[in-house]
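Residue numbers in the sequence shown follow full-length UniProt numbering, run continuously in steps of one, and reach 66 at the last position.
Treat the hints as calculated values from the structure; they're not laboratory data.
It should be emphasised that the depicted structure is a prediction, and the values quoted were computed from it without experimental measurement.
The beta-carbon is built from N, C-alpha and C at its ideal position, and this holds for glycine as well.
Any given hint could turn out to be false.
Stated by the list, open to error - Derived lysine-lysine pairs resembling DSS-like cross-links, with alpha carbons at most 30 Å apart:
#, residue 1, residue 2
1, Lys7, Lys31
2, Lys23, Lys8
3, Lys45, Lys23
4, Lys7, Lys41
5, Lys7, Lys23
6, Lys17, Lys7
7, Lys17, Lys45
8, Lys41, Lys31
9, Lys31, Lys8
10, Lys17, Lys31
Stated by the list, open to error - Beta-carbon label-pair distances, calculated as ranges:
#, residue 1, residue 2, range
11, Lys41, Ser21, 19 to 27 Å
12, Asp14, Glu51, 46 to 54 Å
13, Tyr20, Gly40, 35 to 43 Å
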Amino acid sequence: MKKWARKKICVPADAAKVEYSLKEYGVTANKIVDVMCSWGKENIKIRQQGEEIILLEVRSPENILS
């Protein structure tokens with residue numbers, strides 16, 4: 001298993017229960033997730049103020065390669 005992969009633990013019980021956790025290397029992605037979370041919170045504030053935000057430019061399939 002790759003060092004960045006998640007670890008899966010299955011616990012036998014009446015109801016199925018699966019616990020996931022990140023390995024040490026996977027935890028290093030937390031910095032990226034924190035930045036994305038901050039961006040998302042700011043985006044919500046801006047949208048709540050009524051400002052329209054265009055996140056992606058939509059292009060027709062014919063123009064994607066141009």
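Do the alpha carbons of Lys17 and Lys45 lie within 30 Å of each other, as the hint requires? Violated, at roughly 36 Å.
Next pair to validate is Lys7 with Lys41; report whether the Cα-Cα distance is within 30 Å. 29 Å, holds
Can you confirm whether the C-alpha distance between Lys7 and Lys23 stays at or below 30 Å? With Cα atoms ~6 Å apart, Lys7 and Lys23 stay inside 30 Å; holds.
Taken at face value, is the distance from the CA of Lys31 to the CA of Lys41 at most 30 Å? 16 Å, holds
Do Asp14 and Glu51 keep their Cβ atoms within the hinted range of 46 to 54 Å? Holds: the Cβ-Cβ distance is about 50 Å, inside 46 to 54 Å.
For the pair supplied as a hint, Lys45 and Lys23, confirm whether the alpha-carbon distance does not exceed 30 Å. 33 Å, violated
Decide if the proposed pair is consistent with the structure: Lys17 and Lys7, CA atoms, cutoff 30 Å inclusive. 14 Å, holds
Hint check: Lys17 vs Lys31, CA-CA at most 30 Å. Holds or violated? Between Lys17 and Lys31 the Cα gap is close to 28 Å, so the pair holds against 30 Å.
Holds or violated: Lys7 to Lys31, with C-alpha atoms at most 30 Å apart: Status holds; Cα separation ~20 Å.
Verify the CB-CB distance for Tyr20 and Gly40 against the hinted window 35 to 43 Å. 22 Å, violated
Note whether the CB distance of Lys41 and Ser21 lies within 19 to 27 Å or breaks it. Holds, at about 25 Å.
Are the Cα positions of Lys31 and Lys8 separated by 30 Å at most? 22 Å, holds
In terms of the numbered hints stated before, the structure departs from hints 3, 7 and 13, listed from lowest to highest.
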